[in-house]
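With the hints as extra help, turn the sequences into a complete structure.
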Amino acid sequence: MAYKLIGKNFTPPDIESKVTGAAKYAEDFRTDGMVHLKIFASPMPHAKIKSIDISKAKSMPGVVGVLLPTEVKQPKDAGHAILSNYPVYVGQPIVAVAAETEQQAQDAVDKIRVDMEPLAFCIDPLESLKPSGPDANQGGNVANRKGVKLQKIKWSGKDFAIAGDDKLPMGKAATEWKYGDVEGGFKKAKLVLEESFVSSANAHHAMEPRSAAAYWANGKCHVYGSTQSSSFAVPSLAKYIGIKPGQLNLVTEFCGGGFGGKAYSYPLMALPALMSKKLNGRPVMMRVSRGEEFLNGMARAAFQGWVKIGFAENGRILAVDSFVVQDNGATTGFWDYQNFGDAISIVFQPESMRFRGIPVLTNTPPKGAQRGPGENQTANIMEPIIEKAAKKLGMDSLALRLANVPGRGGDSAKIGAKQGPVTSAYLREALETGAKKFNYDARKKKAGKQANGKIRAVGIGEAYHAAGYNGWDGMVRITPDGKLHVHTGVGNLGTYSYAATSRVAAEVLGYDWNNVIIERGGSLKAMPFNIGQFGSNTSFTMTRTNYAAGMDAKNKLLEIGAIMMGGKADDYELKNEKVVAKKGSKSITFAQAAKKAIELGGKYSAKEVDKDLKGLTKMAAKMIAGTGLIGVAKDKLPKKGTVPALSAAFIEIELDPETGNVDILDHLLISDVGQVLHPQGLEAQIRGGAVMGFGLAATERYIYDPAYGRPNAKGFYQAKPPSYLDVPLKTDAGWVENVADKQNPVGAKGVGEPIQGAASSAYLAAVSNALDGHLFNRVPVVADMIVNVAAKMPQSNKPLQINCQ
Amino acid sequence: MSDVMHSFDLYQPTNLDEAAKLLKSHGKKAWILAGGKDSFDWFKDRYKRPEAVIDISKIKGLNGISEKADYVSIGALTTLTDIEESALIEKHFPILSQAAGRVASPQIRNAGTLGGNVSQDTRCTYYRDGFPCYRAGGNTCYANTPTAMNREHALFEASRCVAVTPSDTGTALVALDATMMISRDGKTRSVPAEKFFIGPAIDITRMTVLEKGDILTEIRIPKKWAGSKQYFEKIADRNTWDFALISVAMVAKVDGGKVTDVRMSCGGVQCTPRRMTNVEDLMKGEKPGKELETLAKRVAANGAKALNYNQFKIPLMGNLAARAIRSLA
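Line by line, the protein sequences are chains A and B. Quick note on numbering: the numbering used here labels position 771 of the first sequence as 1812, and the sequence is numbered without any gaps. Quick note on numbering: the numbering used here labels position 72 of the second sequence as 94, and the sequence is numbered without any gaps.
A couple of the hints might just be wrong.
[Said to hold, decoys possible] With a cut-off of at most 30 Å between alpha-carbon atoms, the simulated DSSO-like pairs for lysine-lysine come out as follows:
{"id": "1", "chain 1": "B", "residue 1": "K309", "chain 2": "A", "residue 2": "K1833"}
{"id": "2", "chain 1": "B", "residue 1": "K234", "chain 2": "A", "residue 2": "K1495"}
{"id": "3", "chain 1": "B", "residue 1": "K309", "chain 2": "A", "residue 2": "K1495"}
No wet-lab data here; the hints were simulated from the structure.
Dropping the structure here:
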């Protein structure tokens, strides 16, 4: 379909401020009388607090307030406290101090004395599952925010003894599902592979730590926070603060990286507001340090797992059995482990499958969603195994993948336990397109030891993430100057998709993009209630909401045309920002229509709105009611099935067996994203996601000392996210052409998460190929592991050891 | 972790005499600040809280590279970027250019000095995280327990402490047989680079011979090795902003196809840059080639004692020695 704006490059309005440094992040907030907050954090991984002595801290120069855990609401079970009276990880905030200067606040924190009784702690889920193993929480050792209440589950000593050191023990699961005849599938299989594995945790390492500032005025709380989402963060933050959503003005204009760790609000964001309340509304700034960000900034959940796969002679996967033990961190965490099952089921379409999993609490930082939570761990484990299977079956590994992937639109594709439908799927096409563009066959022929002693290898990766929702609200406003204001509450994660999706409303109304203003970044901007900017959903979800709002405005323009010029709405059309009669020469400008809408009131100027709109949308509509022609509507377009974002990656590496160093020579990633909204933005996302993926696969470290329960890699230089010198200067990005998703009004689907997993799993598959099919069954694969293999030495870590690299 | 420095008095002397007086008057409470790349980490974490910080960056005459009759002089305040970009250093001592260019990141190299790079404290994560270890004045090494995470730690010369030198340039300077010029109370003494770095057996609380009151002013590199065959390689997890898992630096003279003289040092394997004398002895009088490489791999790490997670450094050390030899072919 020919579009005026969709699929075209443009410059998002906030780029200039980011490039010039004019963009104001939460930490840039300044005002007269502002005080600074610092935190006393737990030095122990698990402890009972016997007493807190703040007497010396209170009398330190400049101190204006101290906030104790007893003054904030304590969560039940394994909830995440704002200030905790029962610390469950090193670095957990216990007491907050506010002072005139930041230095005074820290000086006072240094004077706080907390008498703590150390409790047994746990940093290895399998240890906790042993009959006499430690529990990370006194209420139990198993919990997850998706369907698993805090409880105690222990496996038998026999479970562990049978498994031995090399294989995952498998006792009672907390989550379990199955479809098809799994045992029958294994019996029919020509090849059955069985592997135990470990996938490491990863801190989010957002460049902008989760600093926040807050003040109160006239009964309203104003918070400057760092979050991926705007309106979606409001209700949960209001709840943390203890107010109604309507009492909160949340300013979220920019977000310096989130990756899921700032999906919406989080406990720490509420702390300045609670301190400010205690100080009668005085502005409070909480600047979070890099170390504090590591400890409180969430992390991807680690896995200890097992998978058994049965292949037919032609490579078709007949059966999968799997078990994932998730390191859930200290709180209810995220459901990565459950996504393991979904990801395998969609990418490989096994004829039968069983999934079992258990989320085990550990005294490590709270785990949260991180780009492709669960799905990307799955890709990293599965793709090297696919390489092994191809070798054993004597097949090319691309052919093996093609024997299984969903494609040709995905009409027959199924996902998950219930084997539900998907809205569209073109992973096959992504692989085929990529293989051709990458010259996969030719490169594969060149693989092997080179004259320089290095080993060249190619690898393929595939990954998935659910990428779209429905039922959310959109709102646009045409003001009497004729301009279109697209109100969006989605957030500004950094992908500019808030802008790309706003263009749909402009497209529907035929606007010149220069006449469009995006209203975003804070409650005072009248944001409709949108789902947050996470889960790769924005492209799909927000195009629908903006389409709905645009269509509502369009209908109202046509109706006003009929009111002002006579006849019926059907007699008119929109052209060049005018309502124009289909026959004859009568027309009114959008500016005139907006003035008329104000005069008419009612639904035209949002004095009356659809009762199906969400509460925050109704509040936002009320804020702008009477200021123009308002299009405000709930997305009621039909949707059936899961929206899958799918990516395929191709990589060529050179591995140096003497040093363990791996050079990425070339990388190409092809995504199935439906209709592309913003080509330049998509390319940038693909490249950035791939870089993050290489970190996941090769460089990032997450280490806890088992004797002390403390992290050994907090800072950037210790945790090692990849730099631009660790990746090729140029990598290729592409997408499957002409594959509009039929369940989206402009054909768009999400994109963000599987990019990372496809890139990282391709890298790991290539490393495995370079080492003659050696399976590490561990992510990341770092230099020392490669040196050990090349030197024919055992690895230093135990097979299922966790939080050790 | 707080990211908020403690209060201290800042002094900015403009000559060495003033600095010496300040250091003397403040004694153990003084701290020398140059580029600040190591100091600020300690201060922001509040694990080191000196009362008097003596910023020597304003002292004239401690910055710059100049060629003398039989050595090249580098002021201690010369930035790593200036060393990396110096044509003179590149011409005579390419391993120092390369080592300087592999330190940290461009931003850090722009501010960080050569003096600071060789004087910096170890990066042992336990010590840096405020554990009361031997080096911090306590009575335990937390990095050498049965379960300690010590992938980056020492293979050699551990004495209660298993920390390693973090200095990339130090490895090159030891190979180059540099001399460190140290000022104290208006007097200057010289110390060979190899003796400048000290291990825990000598003093567990220091990484160098520098004591309170000493100022490293200049590094002199003898021209003996100018124009020799040189090799430097640093293995790290990342290509920037990372400390060496292992680095190797070599200077060698080859005549008639045989090695006539050689110095080789290795970083990341003990508290000081380690002279690889086993490999040097092996190489002298021999022809570089496969056999020599194989033998170097065999002897390079003799005497190494692996900890829980650093056994990989043993083959890696041999491999780097072999690669250095290969560069002579």
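Going through the hints against the structure:
no.	hint	result
1	K309(B) - K1833(A)	28 Å, holds
2	K234(B) - K1495(A)	48 Å, violated
3	K309(B) - K1495(A)	24 Å, holds
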